[in-house]
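**Student:** Following the hints, put chain V in place on chain U, whose structure we already have.
Below are the chains, spelled out letter by letter.
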Amino acid sequence: DQQVKQNSPSLSVQEGRISILNCDYTNSMFDYFLWYKKYPAEGPTFLISISSIKDKNEDGRFTVFLNKSAKHLSLHIVPSQPGDSAVYFCAASGYGQNFVFGPGTRLSVLP
Amino acid sequence: ETGVTQTPRHLVMGMTNKKSLKCEQHLGHNAMYWYKQSAKKPLELMFVYNFKEQTENNSVPSRFSPECPNSSHLFLHLHTLQPEDSALYLCASSQAARGEKLFFGSGTQLSVL
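Chains as they are written, first to last, in the working numbering: chain U, 113 to 223; chain V, -16 to 96.
Calculated directly from the structure, the hints in this document are not laboratory data. Not one of these hints is a red herring.
From the derived model, a few chain V residues whose C-beta atoms are all more than 10 Å from chain U:
{"#": "1", "residue": "M(-4)"}
{"#": "2", "residue": "G(-3)"}
{"#": "3", "residue": "M(-2)"}
{"#": "4", "residue": "N0"}
{"#": "5", "residue": "S3"}
{"#": "6", "residue": "K5"}
{"#": "7", "residue": "Q37"}
{"#": "8", "residue": "V43"}
{"#": "9", "residue": "S48"}
{"#": "10", "residue": "P49"}
{"#": "11", "residue": "S54"}
{"#": "12", "residue": "S55"}
{"#": "13", "residue": "E67"}
{"#": "14", "residue": "L96"}
Here are the computed distance ranges between Cβ atoms for each label pair:
{"#": "15", "chain 1": "U", "residue 1": "G195", "chain 2": "V", "residue 2": "A79", "range": "31 to 37 Å"}
{"#": "16", "chain 1": "U", "residue 1": "N179", "chain 2": "V", "residue 2": "Q78", "range": "25 to 31 Å"}
{"#": "17", "chain 1": "U", "residue 1": "N139", "chain 2": "V", "residue 2": "S21", "range": "18 to 24 Å"}
{"#": "18", "chain 1": "V", "residue 1": "N53", "chain 2": "U", "residue 2": "N119", "range": "37 to 43 Å"}
{"#": "19", "chain 1": "U", "residue 1": "H184", "chain 2": "V", "residue 2": "K24", "range": "19 to 25 Å"}
{"#": "20", "chain 1": "U", "residue 1": "S124", "chain 2": "V", "residue 2": "K35", "range": "42 to 48 Å"}
{"#": "21", "chain 1": "U", "residue 1": "A182", "chain 2": "V", "residue 2": "E39", "range": "29 to 35 Å"}
{"#": "22", "chain 1": "V", "residue 1": "M(-2)", "chain 2": "U", "residue 2": "S122", "range": "32 to 38 Å"}
Idealized CB from N, CA, C, for every residue including glycine.
Isolated chain U (complex conformation) (with noise of 0.2 Å):
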């Protein structure tokens, strides 16, 4: 049973446009949630994280949204740029233990 879900695989967005990347999470523990970012042969790399004690986090393009009552989290970029185009992972972990991680949601930005 998924814990993190990323219900959409993939999503294609024009360049300039909002990207709206969503994430959803079943135990009501998890307190602290990444987003990264995942090029083809390369490691996931660290984008933004929020704690549940704010409902925002923002980073220049990239804003992160918790909404706890619904166990929901989403990630916007804008504006998106063809560079943005990547796999994206969100991940939660609740009172310090290991993060579990979603599948994935694969974003192409088209120019």
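**Tutor:** Relative to the frame of chain U, chain V by itself:
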């Protein structure tokens, strides 16, 4: 460059071979991890080492044998693997185990014939 180096990048081996994957981190971290990524599946945690001591073995078959001689180096020894073990094997490190941001290497793409 994330500060975590994995070798080799690619490995093809037969089911009777013995090979080893190597990972080195230059970040001064105390925890190191092995993850497995199979096609279209989430990253699966295999092993965790904290200050050179193994703190987690996620029900991994004994044909995978980890070794952590110090906080900077981690190995994964492979023996009599099965074709279904073909996957991307990722090493990661963090300042401390559990709940700390992970830094990943580029991975070893393993094919078992």
